[in-house]
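Hey, can you work out the whole structure from these sequences and the hints?
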Amino acid sequence: MSQYASALLIINGKSANNEEIRSTVKTLRDEGLILHVRVTWEQGDAARFVTEACQLGAGTVIAGGGDGTINEVVTALAQRPATTRPILGIVPLGTANDFASACNIPLAVDQALPLAIKGRAVPIDLAKVNEDRYFINMATGGFGTRITTETPEKLKAALGGVSYFIHGLLRMDTLQADRCDISGPDFHWSGEALVIGIGNGKQAGGGQQLCPGALINDGLLQLRLLTAEELLPALISSLFSGEANSSVVDASLPWLEISAPHEITFNLDGEPLKGKHFRIELQPGAIECRLPPNCELLG
Numbered sequence: 001m002s003q004y005a006s007a008l009l010i011i012n013g014k015s016a017n018n019e020e021i022r023s024t025v026k027t028l029r030d031e032g033l034i035l036h037v038r039v040t041w042e043q044g045d046a047a048r049f050v051t052e053a054c055q056l057g058a059g060t061v062i063a064g065g066g067d068g069t070i071n072e073v074v075t076a077l078a079q080r081p082a083t084t085r086p087i088l089g090i091v092p093l094g095t096a097n098d099f100a101s102a103c104n105i106p107l108a109v110d111q112a113l114p115l116a117i118k119g120r121a122v123p124i125d126l127a128k129v130n131e132d133r134y135f136i137n138m139a140t141g142g143f144g145t146r147i148t149t150e151t152p153e154k155l156k157a158a159l160g161g162v163s164y165f166i167h168g169l170l171r172m173d174t175l176q177a178d179r180c181d182i183s184g185p186d187f188h189w190s191g192e193a194l195v196i197g198i199g200n201g202k203q204a205g206g207g208q209q210l211c212p213g214a215l216i217n218d219g220l221l222q223l224r225l226l227t228a229e230e231l232l233p234a235l236i237s238s239l240f241s242g243e244a245n246s247s248v249v250d251a252s253l254p255w256l257e258i259s260a261p262h263e264i265t266f267n268l269d270g271e272p273l274k275g276k277h278f279r280i281e282l283q284p285g286a287i288e289c290r291l292p293p294n295c296e297l298l299g
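For the sequence shown, counting from 1, position 110 maps to 110 in the UniProt record's numbering; every step adds exactly one.
Derived from the structure by calculation, the hints contain no laboratory data.
Incorrect hints may appear among the rest.
Unchecked claim - FRET-style restraints, in silico, Cβ to Cβ:
| hint | residue 1 | residue 2 | range |
| --- | --- | --- | --- |
| 1 | His277 | Val249 | 18 to 24 Å |
| 2 | Glu263 | Ala108 | 39 to 45 Å |
| 3 | Gly191 | Lys26 | 51 to 57 Å |
| 4 | Val249 | Pro123 | 25 to 31 Å |
| 5 | Asn294 | Leu56 | 46 to 52 Å |
| 6 | Pro284 | Arg179 | 29 to 35 Å |
| 7 | Thr84 | His188 | 38 to 44 Å |
| 8 | Glu19 | Glu257 | 45 to 51 Å |
| 9 | Gly32 | His277 | 47 to 53 Å |
| 10 | Ser183 | Pro293 | 37 to 43 Å |
| 11 | Asp45 | Leu298 | 40 to 46 Å |
As the list claims (entries may be wrong) - Taking lysine-lysine and the DSBU-like style, the derived pairs with C-alpha atoms no more than 30 Å apart in a straight line are:
| hint | residue 1 | residue 2 |
| --- | --- | --- |
| 12 | Lys26 | Lys118 |
| 13 | Lys128 | Lys118 |
| 14 | Lys14 | Lys118 |
What you are looking at is a predicted structure, and each value in this text was computed from that prediction instead of being measured.
Glycine residues also receive a C-beta, built at the ideal position from the N, C-alpha and C atoms.
Rendered as structure tokens:
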């Protein structure tokens, strides 16, 4: 019998026929590991499977997919009582895999899946948005959000994370700023923002380090705004290269509130949320996640 507790792997339906996953699952089962596998088909499946994992007594729930799949699993885990909450494991199978990449989780399934079951469990922060939404990596608003939402699936499949960058260059003619008011402890900003990044993790949109100073265990969110004082030059130099200039506003905050006179959209790990008011509050050490020793998101 294995020394490791049983685990339940939740695979995004798009990856159900991945032969590498099947082979790695078989190898781990041959070692004596109890590994349940479930495949998502529609919205809400991940939450049901997390409930099932708790009923089965699984010590780990593994999100097998991209940032959106991880977000679904994390949201379900966050709503479980802490005393019965399984540990999160991650197998990156998406287009961008921003959170997994920033954590140095291997992209190869035969390395990621064993790590997700046997790796060290570390308490990490989660961000709660309004009453019932969460993100583990990043919330983005403005032009970057529209690009992420509108990038064609075929382009993402062909080019991976770089597709967001290419599609963004093709849509420069649609640049529009969002007027909003942002406040937090000893912080207030009001104006027009081209890009709003609120990071628990560092990167979004296929590897762009929008919040390079963010850590997942420091109890703080990193806010980075690209204001509309300069349009194209600021977008290129600050968003894509990470270089700072006068159009960039940075702050580290445990919580913040955003209000806008019109409806705006935020992507929470790629999952859209529309509204005129958002309260985003970090929850320190909210869940445990199995991470590699060289995870660069840990302080």
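Against the structure, the hints:
no.: 1; hint: His277 to Val249: 18 to 24 Å; result: holds (20 Å)
no.: 2; hint: Glu263 to Ala108: 39 to 45 Å; result: holds (41 Å)
no.: 3; hint: Gly191 to Lys26: 51 to 57 Å; result: holds (56 Å)
no.: 4; hint: Val249 to Pro123: 25 to 31 Å; result: holds (30 Å)
no.: 5; hint: Asn294 to Leu56: 46 to 52 Å; result: violated (31 Å)
no.: 6; hint: Pro284 to Arg179: 29 to 35 Å; result: holds (32 Å)
no.: 7; hint: Thr84 to His188: 38 to 44 Å; result: holds (40 Å)
no.: 8; hint: Glu19 to Glu257: 45 to 51 Å; result: holds (47 Å)
no.: 9; hint: Gly32 to His277: 47 to 53 Å; result: holds (51 Å)
no.: 10; hint: Ser183 to Pro293: 37 to 43 Å; result: holds (38 Å)
no.: 11; hint: Asp45 to Leu298: 40 to 46 Å; result: violated (30 Å)
no.: 12; hint: Lys26 to Lys118; result: holds (16 Å)
no.: 13; hint: Lys128 to Lys118; result: holds (28 Å)
no.: 14; hint: Lys14 to Lys118; result: holds (25 Å)
Hint compliance for this structure: hints 5 and 11 are not met, and every other hint is.
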